[in-house]
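Participant: Protein sequences appear in the order of chains W, L and D. Mapping to the working numbering: the first sequence position 98 is 98, numbers consecutive. Mapping to the working numbering: the second sequence position 187 is 187, numbers consecutive. Mapping to the working numbering: the third sequence position 241 is 241, numbers consecutive.
Heads up, some of the hints might be wrong.
Derived coverage of chain W by chain D (criterion: at least 3 residues anywhere in the stretch with Cβ under 8 Å from a Cβ of chain D; other residues may be distant) [said to hold, decoys possible]:
(1) 36 to 44
(2) 117 to 125
(3) 187 to 194
(4) 209 to 218
(5) 307 to 314
Dumping the calculated DSS-like pairs for lysine-lysine here, alpha-carbon to alpha-carbon at most 27 Å [said to hold, decoys possible]:
(6) D/K368 to W/K46
(7) L/K78 to D/K368
(8) L/K99 to L/K117
It should be emphasised that the hints constitute simulated quantities derived from the structure, not laboratory data. Cβ coordinates follow ideal geometry from the N, Cα and C atoms, glycine included.
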Amino acid sequence: MLQQFRAFVKKEILHIWRDKRTLFILFGMPIVQITLFGFALTNEVKNASIAILDPAKDEMSAKLTSRISASRYFEVERVIVSPSQIDEAFRTGKIKMAVILPPRFSEELLHTNTATVQFITDASDPNVATTLVNYASSIIHDYQQEITQSQLPYTIHTETRMLYNPQLKGAFNFVPGVMAMILLLVCTMMTSISIVKEKETGTMEVLLASPLPPLLIIIAKAIPYLILSFVNIASILLLSVFVLELPIAGSLALLLAESILFTITALTLGLLISTITASQQVAMLISLVGMFLPTLMFSGFMFPIENMPLPLQIISNIIPAKWYYIIVKAVMIKGLNFSFIWKETLILTGMTLLLMALAVRKFKVRLD
Amino acid sequence: MYHELNDMIVADKLTKTFGDFTAVDAISFEVKKGEIFGFLGANGAGKSTAMRMLCGLLQPSSGSARVAGHDITRQSEKIKQTIGYMSQKFSLYEDLTVKENMRLYGGIYGMNLTAIKAKTASIASALHLQEELDTLVGSLPLGWKQKLAFSVAMFHSPPLVFLDEPTGGVDPVTRREFWELIYAAAHEGTTVFVTTHYMDEAEYCDRVCIMVDGKIQALDKPGALRQMYNTNSIEGVFLQLARTAKRMAD
Amino acid sequence: MLRFLLEKEFRQIFRNPAIIRMMFIMPVVQLVILPLAANYEVKNVAIAIVDHDHSSYSQKLVHKAMASGYFKLTGYYPSYKQALVQIEKDKADIIMEIPAHFEKQLVRESEAPLLLSVNAVNGTKANIGAGYLHTIIRQYNQEIRLQWLQMPRLPDQLQIQTTFTNWYNPGMNYQQFMVPGILVVLLTMVGAFLTALNIVKEKEVGTIEQINVTPVKKHLFILGKLIPFWIMGQIVLTLGLLIARLVYHIIPAGNIGLIYLFSSVYLLAVLGLGLLLSTYANTQQQAMLLAFFLLMIFILLGGLYTSIDSMPIWAQAITKFNPVSYFIEVMRMVVMKGSQFSDIRHHLGIMAIFALVLNTWAILNYRKRQ
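Just chain W, with the same shape it has in the complex (with noise of 0.2 Å):
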């Protein structure tokens, strides 16, 4: 029996091997994704069009406006120099926030010690409004400090550490995300489709008619794409080690074991929609429009969990992604060990079995 297992599993690793199409996406795309993704993806925001209107044009409004210039938070378009302007300005998205400096900046500022600076921001997007009127702020705070020079009595002076990610790079919170959703979904999708094509195409007749139980045949349907994903893993934590320059922190060995465990999750996931689906097209549909906004945001990478309803908190938790997740920013970026991550692992294994235990039972089903 172990001798015609191993014939199976030999058969369906030659056909994904000689579709070289796509075996090519298949390690292309983990590539380009974790590379692009990793520089691309961060929630700073930088570079972001403002306008400043200064009617004073007086020195200390001058040095201001210079000073916000040079931030690199923002990038400052020049034309608009009128109020009315501003309407049309964010219409058209050409800028984000406007800074309206008061008339007579100095005069104000020299005369009663107080002067009024008013921002306008395009809160179509309240996150980049936020963003922006914080560091807009913090600078005009820091001007106000230098043009006062004097130190302050009693002054607690606050010494702020960034732990593990001290320049703030995006990478080392998207690249946890990202790659748990590739893992997921791409191994979901493989399985679910391969599965269900031979069903269509009436080889699946063929193979169950073979003396090797049904459930070994899915099996090793299921090996070739632990293997493909054992490579793509690699490929990611190279890229990620060599290119955008995360650590490591924790153990290797830790991490990739976790990461197989979660394979097998998505291949399990992948093994249950083909027993429910009847074509293609609707394995597809579930496993990447059903699948694809769910994972990317319940798997608390983009939206912090704790801040979303009670209903969806509890939802996020049948997110496969989102213990895997937690699992790669502990061992990952974190550096701890099994100790703080062995509950979320017990749920990934279980979530496994469940799905096993679902999947072997509508299989029979189906075949009974």
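Position chains L and D against the provided structure of chain W, taking the given hints into account.
Facilitator: Using the frame of chain W, we list chains L and D on its own:
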């Protein structure tokens, strides 16, 4: 040169290579208007490849051919207007009904609705398909599917029809019926180009062409072939020729 | 001829109830649920306190931070090490360590240190959370000064006040922003995935052969596939806009006709892309992988989840070829800012070019003869 008026198909050193594999090796032949022309050969002998080139589904590697007076390399879309085709693998829409498939192909060939309705009715009665007109094609048994594929190939009354192993996998009774349909079509003046690997079917053809390893090894009337190879069946002819084959059937 | 091709495509779509159901139900369900999950707002930042001082000042500081509403207390820990464990377990985001003699130093030496350690794996949360805490510490600092200094001495300091106004979305409502964006993403996925599978399915099943042997014109065949999915796409969009209105009370500030105008061209582009992939692929699996590869890039770099301006220049150049980013921007402009036709005509022009190029490419690459 060629007798364009009398020859429906003229092939001249027609060749198709895939990489370093020569599937069809410089074959030359003519098919006369109104005849039933049989292409005989083992699996993998190159019959389907040759037919697919003539139908405009495959680009020839070298050589040339004219079908209904049009050059297959440059005028394949014109050829498609004048031919019917039944592929080896059933290729009608299984998620459409019998009637819907006929309507689709009638429409594609530019027939109007009245013509489509009339033709559907006449074909249905000829093939005894009346009961099945609203059945999804996917749920028809194989024999019915083959008949349907044939009727769709003939739907727009083409002067030339290509049949690629039309009787593959059907029972002897249905095969018999099928050949009656082919005869009926030929009787009305349709030229029939048919491939088969059933030797007995070769006897029904006006002329038979035997392909071995991509080359034409013999081409004549069935009776003449039997005489030439001194045997009492085409099968005997074939076995003598096929002995030289090197190519493995796939 | 087109009429018969359209009849055929529609019949095939409607004969597969599983596909129809998914095509409409999946986007609807996701659009109802997912926007609720999309909230970048940083709140509930968990703080672990290490108070070596145990003074009234240190207690007041902690109390003030908790009263702000942005923070929740993880607990008090006797040492930094023990507090760090909370960060490792993701139970805390920030450790505030108040050194011994904090109060004494502040009063006697007029200055005192305070240590913050922030979990920076998620850079944004770290930055914003620490920013909140800094503001609170500054305010607290000011209160202490007021206590110890004579009132008149303070206003001598120059002060630049700042105020801000949030246009288009004064309530800083994330759903206003996310719902139209997610709708675009769902529409794109349904359209591109289904068309990507369509022609290649005919290749896999073999039905394309019977079509290829007919004199059917290539552009008509492609058009026959495009039109039904275009109509389906507009229906999905309409359902989505209804949900936006009924569930999230989002009423476009601009003319809703502009959204349909743009989506008409956008769908042609996206469906054209799907069909193009379909003409290249040999199997549905290949088509799916290709489509997934491209869509994941389009969606993640579409400007919905992270800002395009913040990307490196080369990545911004890539997004110029990303149809999704144009529609997300147009949605935001029309729905929230009430932009006019003249504001979006540039986007519309680019999308028309996409549609033209992709569909022409698909027609050329669809070969009736191998």
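Participant: If a hint holds in the structure, say so; if it doesn't, say that too.
Facilitator: Consistency of the hints with the structure:
Closer than 8 Å: that is the beta-carbon criterion, and the segment 36 to 44 of chain W has 8 residues meeting it against chain D, so the requirement of 3 holds. For the segment 117 to 125 of chain W, the proposed coverage by chain D is satisfied: 9 residues have a C-beta within less than 8 Å of a C-beta in that chain, meeting the threshold of three. Counting residues of the segment 187 to 194 of chain W whose beta carbon lies closer than 8 Å to any beta carbon of chain D gives 4, which meets the minimum of three for the stated coverage. Evaluation of the coverage hint for the segment 209 to 218 of chain W: breached, as 0 residues show C-beta separations to chain D shorter than 8 Å, against a requirement of three.
As drawn, the segment 307 to 314 of chain W meets chain D at 4 residues by the rule of a beta-carbon pair under 8 Å; at three or more, the given contact holds. At roughly 50 Å between alpha-carbon atoms, D/K368 and W/K46 are farther apart than 27 Å, so this suggested pair is violated. This hinted pair checks out: L/K78 and D/K368 have alpha carbons roughly 13 Å apart, not beyond 27 Å. Distance check on the hinted pair: L/K99 and L/K117 sit about 9 Å apart at the alpha-carbon level, within 27 Å; holds.
Consistency note: the structure conflicts with the earlier hints numbered 4, 6.
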